[in-house]
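Trainee: Now for the letters of each chain:
2 protein chains.
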Amino acid sequence: MSNVSKELGKDKSQGGKPLSAEELRKVDAYWRACNYLCVGMLYLRANPLLREPLKPEHIKNRLLGHWGSDPGQSFIWVHLNRLIKKYDLDLIYLSGPGHGAPATLSNSYLEGVYSEVYPDKSEDVVGMQKFFKQFSFPGGIGSHCTPETPGSIHEGGELGYSLSHGFGAAFDNPDLIVTVVVGDGEAETGPLATSWHSNKFLNPVRDGAVLPILHLNGYKIANPTVLARITPEELEWMFKGYGWEPHVVEGDDPATMHQLMAGVMEDCVKEIRAIQKKARSAPKGTEPERPRWPMIILRSPKGWTCPKEIDGHKLEGSWRAHQMPILDPVTNPKHLKLLEKWMKSYKPEELFDDSGKLIAELKEMAPVGQRRITANPHANGGLLRKPMELPDFRDYAVKVEKPGQIEISPTDVLAHFLRDAMKKNMTSFRVFGPDETASNKLQVIYEGSHGKTWMAKMLPEDADGGDLSREGRVMEILSEHTLEGWFEGYVLTGRHGFFSTYESFVHIIDSMFNQHAKWLEKSKLELRWRAPISSINLLITSLVWRQDHNGFTHQDPGFLDVVTNKSPEVTRIYLPPDANCLLSVGDHCLRSSNYVNVIVADKALHLQYLNMEDAVTHCTKGIGIWDFASNDAGEEPDVVIACAGDIPTEEALAAVAILRERCADLKIRFVNVVDLFRLMPETEHPHGLSEREFDSLFTKDKPVIFNFHAYASLVHKLTYKRTNHENFHVRGYKEKGNINTPLELAILNQIDRFDLAIDVIDRVPRLQMTAAHTKEWLKGQIIEAVNYAHENGIDSQEIREWKWPL
Amino acid sequence: MSNVSKELGKDKSQGGKPLSAEELRKVDAYWRACNYLCVGMLYLRANPLLREPLKPEHIKNRLLGHWGSDPGQSFIWVHLNRLIKKYDLDLIYLSGPGHGAPATLSNSYLEGVYSEVYPDKSEDVVGMQKFFKQFSFPGGIGSHCTPETPGSIHEGGELGYSLSHGFGAAFDNPDLIVTVVVGDGEAETGPLATSWHSNKFLNPVRDGAVLPILHLNGYKIANPTVLARITPEELEWMFKGYGWEPHVVEGDDPATMHQLMAGVMEDCVKEIRAIQKKARSAPKGTEPERPRWPMIILRSPKGWTCPKEIDGHKLEGSWRAHQMPILDPVTNPKHLKLLEKWMKSYKPEELFDDSGKLIAELKEMAPVGQRRITANPHANGGLLRKPMELPDFRDYAVKVEKPGQIEISPTDVLAHFLRDAMKKNMTSFRVFGPDETASNKLQVIYEGSHGKTWMAKMLPEDADGGDLSREGRVMEILSEHTLEGWFEGYVLTGRHGFFSTYESFVHIIDSMFNQHAKWLEKSKLELRWRAPISSINLLITSLVWRQDHNGFTHQDPGFLDVVTNKSPEVTRIYLPPDANCLLSVGDHCLRSSNYVNVIVADKALHLQYLNMEDAVTHCTKGIGIWDFASNDAGEEPDVVIACAGDIPTEEALAAVAILRERCADLKIRFVNVVDLFRLMPETEHPHGLSEREFDSLFTKDKPVIFNFHAYASLVHKLTYKRTNHENFHVRGYKEKGNINTPLELAILNQIDRFDLAIDVIDRVPRLQMTAAHTKEWLKGQIIEAVNYAHENGIDSQEIREWKWPL
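Residue numbers (our numbering), protein chains in the order written: chain A, 1 to 806; chain B, 1 to 806.
Just to be clear, a hint being listed does not mean it is correct.
Note: identical chains are not told apart, hence a pair may lie in one copy or across any two.
In silico lysine-lysine, DSS-like type, Cα no more than 27 Å apart, as pairs [as the list claims (entries may be wrong)]:
| id | residue 1 | residue 2 |
| --- | --- | --- |
| 1 | LYS347 | LYS337 |
| 2 | LYS457 | LYS334 |
| 3 | LYS803 | LYS399 |
| 4 | LYS341 | LYS363 |
| 5 | LYS734 | LYS566 |
| 6 | LYS524 | LYS734 |
| 7 | LYS133 | LYS736 |
| 8 | LYS240 | LYS200 |
| 9 | LYS402 | LYS667 |
| 10 | LYS736 | LYS524 |
| 11 | LYS130 | LYS736 |
| 12 | LYS314 | LYS457 |
| 13 | LYS200 | LYS314 |
| 14 | LYS721 | LYS700 |
| 15 | LYS775 | LYS85 |
| 16 | LYS721 | LYS702 |
| 17 | LYS334 | LYS344 |
| 18 | LYS721 | LYS566 |
| 19 | LYS721 | LYS734 |
| 20 | LYS721 | LYS775 |
| 21 | LYS308 | LYS457 |
| 22 | LYS240 | LYS457 |
Treat the hints as calculated values from the structure; they're not laboratory data.
Only a predicted model underlies this, so the values are computations on that prediction, with no experimental measurement involved.
Looking at chain A on its own, in the form it has when it is part of the complex (with noise of 0.2 Å):
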């Protein structure tokens, strides 16, 4: 135990026993409840409080849950509850472990928070029925901590993400305390890893605190855990290295464990608070440190209190408990009594009145309206949720007076806009990037930020442009993982984010993104209660089309693949195609709820081409005929250019300046997509375009060449039922390359403005006779382009440079 612990124990009343007989005694009644509730989800859908003997008849069909680690999460929960009403602690619970639902649901029905949210499931014999019956039950709810959970914000059902859910959920929440169960299953996964390390941002002034409970219940579901089974010392020290200071609570007698669990819980919220107001009450100008914060690591059997053995095996304390410790009671009618009498060591007719509601002694023990748990406001974000104030994105335009004349960093206009939005919202906005935020050119938000979070050590060169503050809004840490979590985090509890990070790189939060895609369309579709929270803003930049120094292993634009297999109701994809389409795009992200909007859009000088009132329409519409380039004139035209993608746009382009100087009569019309969604049918997505638009933009028989940003596939996948479907010829990344130049990265994949003319050429009938001389020519100039830039480490000027003709 740590030193501070043990100073702060010294308070410790009746002789290191600082429960009373009598709290002792209504503690551990109160979790004989939850834990009789727990068992009573996992098998019973009649017969709730066991008024009769048990039947195979009360037993559900199928057995389907788990109880190894509910008895300690709910061990854990009476704990807290009894600290909330003590100190009036503003908390919250996120359980880690995978599938320990029924301890939060248990708690959150002893509260009266779950049959205030759902009435039918009423605190009595009849609710208490229909709450055990739809668990885990066809139509009914799941064994995660699912979105219909009151108080979570953590399903859990990939695991990993407690701890930087946690952090999310402190950070700029000065008075929430933030309990994190974690699994020691979860424990090993690299996302868990690493969160550790979380406490290094965290600034115990204008952050609040969290609590790691390291629920060391010994096995997954077929293995020992590897924290289980390394030293005990080595626990220490590795927690003591990750900058934490642990308190240990190890046993399995529930009375000792009570007295024990008391006082390091105690002790806990003691030390803090103590972090906490030294640090606030330091004097003005002080820096803050980092403090080491308390942990704990509870150390108690897998499935406690289940049956100590079946049939001769170990089940208590064993893997055999991870799952339904007791798999046929319906067939064996002894394992049927096993199951009655272990729910009957619980004594449920002392925990629940005859009309099947927690006696009035034990109700007191819980606290009462937001400070119950699951009635907590910040695990309701959207309940909390404020509209960020946003400065005039207008403001922040570019001035484009002719399309095509001036180059410019899209994601630094941007980055502008960000700075002083954050400006506005200095307790409810942060910016998220791996160590990249400078790379990808939005470093000037830093001075709206105070620079970046950094709690860890100082050097003198830091002051050296290092752009550290104990007071940073930006948060970096090279870890995709951790920053996604806590963005999760931060926006599940009501503030708003922005996360920027390489094009590849994205994929390493896939499945992060699916099933935070999977919260939010649960919430939103089926959750009245939940109130709508901020969205996650995703900036992908420094795209594939740019990695020309980083090669082949830095080009993968599939992650719009993965965005496009979630539900319609909670995607959007955006590719502004220039920096005012891109302020455009980041004020409606930013104002946006309940989505997951992916911005694409490089870091890079590129070409501008609208003003901001053009963009804005542009933008509002998602798609649209850019009449600049076209030269249709209110007829058929010969070809429609499309194109989504900054860079795929600007081939475009010029592919559409070569055709009208060497094919005047052709005529081209040229089309721009902004929000990808537009190409699916209306009937597949609310951003999708009806037939009649869709035709009218992209002719009925007409050939299409479209140049895309990502994999060619994407945009066969959202058009296939269209009329003209089969004259679309899509071009887009098809794993060539390596380290090339810009250009020739663009050639290599044929999206170069060279094989774009080339593609139009084929695909207009007359121009096959006119044009050859120009294909000739064009084909020259892809050889030249390579040629030079492998002899020059370089793009040709005279060969990539181009504007739009004025």
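Knowing the structure of chain A, use the given hints to seat chain B on it.
Mentor: Quick look at chain B alone, frame taken from chain A:
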């Protein structure tokens, strides 16, 4: 420093200075040669040995590369060389820090290996000039340890996998030492953070050693690293907590550092040998205990030995030395001078002879032949790979006399084959799975594998069904990242493996898959000197359709979309419809090389269709008509019912059974797809069907109802160019589901028999009149099925069960 190393330290000669003055001079000179080459490749395209004054035209036009970790890595390398020679070590080197390839490249060049592999990069002035120019240059090589780099098995384009790759290399290679340099940037990633625990899975008797060297040079692109800014005590605690014995080498004075490093590294080698000797000489039957393996923390300045300052800013030892320390030597004459002075500080004239070759006395410092790190055959694992010895998979066949009569778990059948495959390859085959091998019904493998690898603490109760042992060959840890990393390292060094995982969570390794597929593509298509390695065999099981109790978070079949974005040269996807097909596919995959084979097969009980002979024929073709289910008898059918995936096949057959009974005159053709890429055009994938073949299966104009395992859009993606594509009506997963029975989940996503039959009725014009009644009945079945499930928690036997009519 550990006690062990302190004791060994007593041996140190020359009063704590392990190197004689002469050795020190030569070690340092060799290191200077490395550093000189590193700077050369970053900057120069001409004048490689600075034999004329440095001018702007000698400098590359675009400066792209990273200096930061190069000198530290070369420093490690020269000390490894010393010990390889002294102790005749079999040793490879994995470079973890991103973009640190110059260190490996320069050493490969000095060892002579580079010129052997690439003769035009000869060991003379002309060769050196080419060697410099190609680096990070269009058409040249990348700045990571790409496949083109001799001695590399770890590219590190994406960070986080160096240590797990290293362990994979060490398993079953008892004499090998795998040095893994871990960057302090990558150390922040989740995958790296948990991979330190790999030491709980390494057996000192049968496995080699991993010597991690945490290279703490303090900075990432734009930030300090977390591990460099915690206290030295925390750092030591952390690694002791992870189970390592850390040795610190810290400083910046080269002479002092050489002595320190020589001593510490020799201590580490001796510790490794002592651990191995103790474990290997123990009396037979002694269980080896988990040792505390040594690791090194090298704290050296970022960009060590570059200029201390530039324009008044700190350079060496700051983030400014991460990439190019001097940014503008071409345009800034002062900086050009600074660069020249820097390069000359290494005294190239003392290091290279007139011809440009390393002088003989330094040449002698490197090991010779295959002991040269970059010539070690373990790093070109295909050279060492022997095909697996496999039992005849036909011996494990399920006896299928008639299709659709018996139910069995396909993965359980496969497991028996894998068990015996394991027995025949007890030093070159491992099975990987995240705590799910048993859950995935593969546990019979334990019978052949000595159970599961476990070097952490054992408890008495483990004897009761724990299946853990020191010799276990099934690897389970709850980290998909670690497992995939181990697996990749294992096959990259010439061995074989098999990975099973829950379908939805395979997305966790999306990005690792991408990186490995890219590595394979380059190796296979462009590098003849790299011998083929075994395929990554990835069994996706616990499928979306049988996640009925895990719910919505566990439903995601989108990994296949990610796979189809990668090169057709290295990707294969198989969806065997039953156990015999799974056996045939499994055998094929284990024999293959240079692919990622993705196999989709469920673990639950399923109907069986093909006898072994038919299964082999069917899988060899990859796609085919199932005669028993078809009644078109050589004529054009009214409808094609196609399917891919075991569960969709089962539902599609049930639909056929219904239609055959109720619409007797309907001519149905039944097509099953095992090899998904057969659907692609032959021009785009080596497995693609020709147009003629495709049309002969799917007709040119009849409706095709395609029941697909994953997202329907993937079938469209693969088939949109096909003649009959517009008549393809594909059913697949569409993000509908929660807690459902199997049939209910199928119904929600409309892949069930009833909806398929309705689809057929809706698409065959004449049925719309005649089958109206049947359609009503089908709709009624759907409602009845869902109602039954919600009432009883299971599917109605009557509605769900069926057999193919005999």
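Trainee: Are the hints correct? Go through all of them and say.
Mentor: Here is what the structure says about each hint:
1. In this assembly of identical chains, the alpha carbons of LYS347 and LYS337 lie at most 27 Å apart only when taken from the same copy (15 Å versus 86 Å across copies).
2. Taking the closest pair of Cα atoms, LYS457 and LYS334 never come within 27 Å of each other, the shortest separation being 62 Å inside a single copy and 35 Å across copies.
3. For a Cα distance limit of 27 Å, the shortest separation of LYS803 from LYS399 inside one copy, 16 Å, qualifies, whereas the shortest one across copies, 71 Å, does not.
4. When the C-alpha separation of LYS341 and LYS363 is checked against a cutoff of 27 Å, the pair qualifies only within one copy, where the shortest distance is 25 Å, while the shortest distance between copies is 79 Å.
5. With identical chains, the CA atoms of LYS734 and LYS566 are at most 27 Å apart both within one copy (23 Å) and between copies (8 Å).
6. For the homomeric pair LYS524 and LYS734, the shortest alpha-carbon distance between copies (17 Å) is at most 27 Å, but the shortest distance inside one copy (36 Å) is not.
7. Within a single copy, LYS133 and LYS736 get their C-alpha atoms only as close as 55 Å, which misses the 27 Å cut-off; across copies the closest is 22 Å, which meets it.
8. Taking identical chains as interchangeable, the C-alpha atoms of LYS240 and LYS200 lie at most 27 Å apart whether they share a chain (13 Å) or sit on different chains (20 Å).
9. In the homo-oligomer, the alpha carbons of LYS402 and LYS667 lie at most 27 Å apart inside one protomer (22 Å), although the nearest pairing across protomers, at 63 Å, exceeds that limit.
10. In this assembly of identical chains, LYS736 and LYS524 lie within 27 Å of each other by CA distance solely across copies; the values are 14 Å between and 40 Å within a copy.
11. Taking the closest pair of Cα atoms, LYS130 and LYS736 come within 27 Å of each other only across two copies (24 Å); inside a single copy the shortest separation is 58 Å, beyond that limit.
12. Proximity of LYS314 to LYS457 under the C-alpha cut-off of 27 Å is restricted to the inter-copy arrangement: shortest distance 18 Å between copies versus 48 Å within a copy.
13. Proximity of LYS200 to LYS314 under the C-alpha cut-off of 27 Å is restricted to the inter-copy arrangement: shortest distance 25 Å between copies versus 42 Å within a copy.
14. Taking the closest pair of Cα atoms, LYS721 and LYS700 come within 27 Å of each other both inside a single copy (12 Å) and across two copies (18 Å).
15. With identical chains, the CA atoms of LYS775 and LYS85 are never at most 27 Å apart, being 80 Å at best within one copy and 61 Å at best between copies.
16. In the homo-oligomer, the alpha carbons of LYS721 and LYS702 lie at most 27 Å apart both inside one protomer (16 Å) and across protomers (17 Å), since each shortest distance falls under that limit.
17. Taking identical chains as interchangeable, the C-alpha atoms of LYS334 and LYS344 lie at most 27 Å apart only when both belong to the same chain, with a minimum of 15 Å there against 86 Å between chains.
18. For the identical chains of this complex, LYS721 and LYS566 are neighbours both inside a copy (19 Å) and across copies (25 Å), given an alpha-carbon limit of 27 Å.
19. Taking identical chains as interchangeable, the C-alpha atoms of LYS721 and LYS734 lie at most 27 Å apart whether they share a chain (23 Å) or sit on different chains (17 Å).
20. In this assembly of identical chains, LYS721 and LYS775 lie within 27 Å of each other by CA distance solely across copies; the values are 26 Å between and 32 Å within a copy.
21. In the homo-oligomer, the alpha carbons of LYS308 and LYS457 lie at most 27 Å apart only across protomers (22 Å), although the nearest pairing inside one protomer, at 49 Å, exceeds that limit.
22. Within a single copy, LYS240 and LYS457 get their C-alpha atoms as close as 16 Å, and across copies as close as 21 Å, so both meet the 27 Å cut-off.
The structure shown violates the earlier hints numbered 2, 15.
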